[in-house]
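Take these sequences, add in the hints, and give me the full structure.
The lines below spell out each chain.
Number of protein chains: 2
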Amino acid sequence: MQRNIKLVIEYDGSNYHGWQTQPNAITIQEIIEGKLAIITQKKVNLVASGRTDTGVHALGQVANFYTQSTIAAESLGKSLNSLLPPDIVIRKAEELEESFHARFSARSKVYLFIILNDKIPSAIYRNYSWHLPFNLDIDKMRRSASFLIGEHDFSCFKSSDSENTDPIRDLMDINLFRNKDRFIHIRIEANGFLKYMVRNIVGTLMDVGRNKISVSEFNAIFQSKDRTKAGVTAPPQGLFLKEVKY
Amino acid sequence: MQRNIKLVIEYDGSNYHGWQTQPNAITIQEIIEGKLAIITQKKVNLVASGRTDTGVHALGQVANFYTQSTIAAESLGKSLNSLLPPDIVIRKAEELEESFHARFSARSKVYLFIILNDKIPSAIYRNYSWHLPFNLDIDKMRRSASFLIGEHDFSCFKSSDSENTDPIRDLMDINLFRNKDRFIHIRIEANGFLKYMVRNIVGTLMDVGRNKISVSEFNAIFQSKDRTKAGVTAPPQGLFLKEVKY
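Protein chains in written order, with the numbering used here: chain A, 3 to 248; chain B, 3 to 248.
Just so you know, these hints were derived from the structure itself, not from any lab.
A portion of the hints provided could be inaccurate.
All copies of an identical chain are treated as equivalent in the list; a pair is satisfied when it fits inside any one copy or across any two copies.
Listed next, the in silico DSS-like pairs over lysine-lysine satisfying Cα-Cα at most 25 Å (straight line) [stated by the list, open to error]:
id: 1; residue 1: K80; residue 2: K197
id: 2; residue 1: K214; residue 2: K142
id: 3; residue 1: K44; residue 2: K182
id: 4; residue 1: K121; residue 2: K244
id: 5; residue 1: K244; residue 2: K182
id: 6; residue 1: K182; residue 2: K247
id: 7; residue 1: K94; residue 2: K121
Here it is in structure tokens:
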């Protein structure tokens with residue numbers, strides 16, 4: 003009998019070419035599938051809630067796979083952790099009903115983006131934040147972000163190479179708050195994300211924060227649906243896939 | 003004329019064999035001295051507040067050096083940061099009076115040790131914490147730690163290979179607190195530290211926290227001045243030299 007196993011996965015994306023298996027590059031999917039094949043003695047196909055790009059981290063990526071193995075889910079998780087490199091950790095493994103699908107069953111995903119807003123860069127946080135040395139007006143960034151809430155066409159924040167994707171997404175929540183003075187945390191929840199969407203939103207919010215564009219100009223860019231009008235793509239190392247909700 | 007420059011340095015110790023220059027191993031001192039030689043065009047000798055061991059981090063290590071260079075201190079700091087690898091950052095550079103000595107002028111040093119107290123290890127924090135999966139009674143650890151405050155013989159917490167050092171130190175403060183549920187932060191301030199002293203204190207406090215020894219047994223170990231009675235040496239990656247006070 004086929005069993006359906008759900009994994010909740012934390013990873014440090016620094017040393018990987020993102021989640022999805024690809025030729026000639028080490029990815030997180032490939033590493034976990036390899037260890038699962040050792041444990042279950044069969045080739046395993048992992049389905050994730052979505053890809054994460056090179057250098058992006060996850061606190062709670064979710065993936066599922068079908069197996070005929072009779073090993074209890076919790077034991078599978080422990081065996082995986084004993085075989086996986088320390089920058090990939092299975093936080094939870096559980097057996098679910100056959101219909102559960104890590105991608106299609108997801109109701110929403112939560113991303114966290116961390117800005118290090120300090121004159122001096124940080125040695126410790128260099129792989130886990132985007133260093134921005136100039137003053138940022140977080141209140142203006144908040145007012146701009148509020149335009150994004152709801153069901154909208156997010157074309158202006160898509161990646162330039164993803165023309166054929168439906169650009170409508172329902173963004174449920176976006177919050178910005180300072181953490182320990184020098185960090186700004188941006189938490190975004192949506193029913194789905196276009197490629198680079200969070201990083202493009204953050205890059206454009208930065209332009210508001212440093213007074214390169216106004217709050218109404220931010221909104222005009224958003225309404226234009228024109229990718230070329232928005233700001234830079236924030237770098238991957240500040241981005242964390244925090245949670246997938248089902 | 004000789005100028006005396008003080009540096010405040012943050013580093014991620016993960017990729018270094020500690021602070022102090024040694025043969026056949028890359029150290030933080032050697033990296034910074036090399037960049038200073040390029041900038042000032044003279045060999046430079048850096049004096050630090052003290053060594054940090056392999057894998058130990060610093061948020062505020064302090065070092066000073068003498069130079070005949072006329073470059074302003076702030077510019078020296080910026081030039082250093084442009085040459086240094088991203089896991090070593092100069093947070094501040096300032097010119098001080100000739101008598102300032104990073105080691106002998108220090109009044110106290112503050113170390114932070116981070117325990118990840120969670121059933122599951124962490125991919126993101128693996129290099130910045132000590133993972134302890136069992137329950138820890140933080141109140142018992144606090145009561146034990148309070149015995150350490152004041153001027154004492156810390157022989158039981160010295161490294162086994164440091165027999166000839168004066169073991170008397172004045173420990174001004176030790177605090178333990180939970181941070182975001184799964185972390186325990188231990189902050190220790192003293193006028194100086196023996197080799198491995200913080201890590202041996204933390205290893206022995208762990209034994210109290212998991213009820214392997216009682217609070218009074220902890221105190222008996224401390225009073226015995228016998229290194230062989232104390233607990234294990236906690237691993238370096240949880241340790242941060244947070245601040246040096248002058």
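Classify it for me, K182 with K247: is the Cα-Cα distance of at most 25 Å met within a copy, between copies, both or neither? Cα proximity of K182 and K247: across copies only (21 Å, versus 28 Å in one copy).
Evaluate K244 and K182 at a C-alpha cut-off of 25 Å and name the case that applies: within, between, both or neither. both (20 Å within a copy, 15 Å between copies)
Cα distance capped at 25 Å. Does K80 pair with K197 within a copy, between copies, both, or neither? neither (32 Å within a copy, 36 Å between copies)
How would you classify K44 and K182 at a CA-CA limit of 25 Å: within, between, both, or neither? Result: close neither inside a copy nor across copies, 47 Å intra and 39 Å inter.
Copy assignment of K121 with K244, given that the CA separation must stay at most 25 Å: between (27 Å within a copy, 19 Å between copies)
At most 25 Å between alpha carbons: which applies to K214 and K142, within, between, both or neither? within (12 Å within a copy, 54 Å between copies)
Within, between, both or neither: K94, K121 at alpha-carbon 25 Å: Between copies, since 11 Å is at most 25 Å while 39 Å is not.
Violated hints, in rising order: 1, 3; the structure is consistent with all others.
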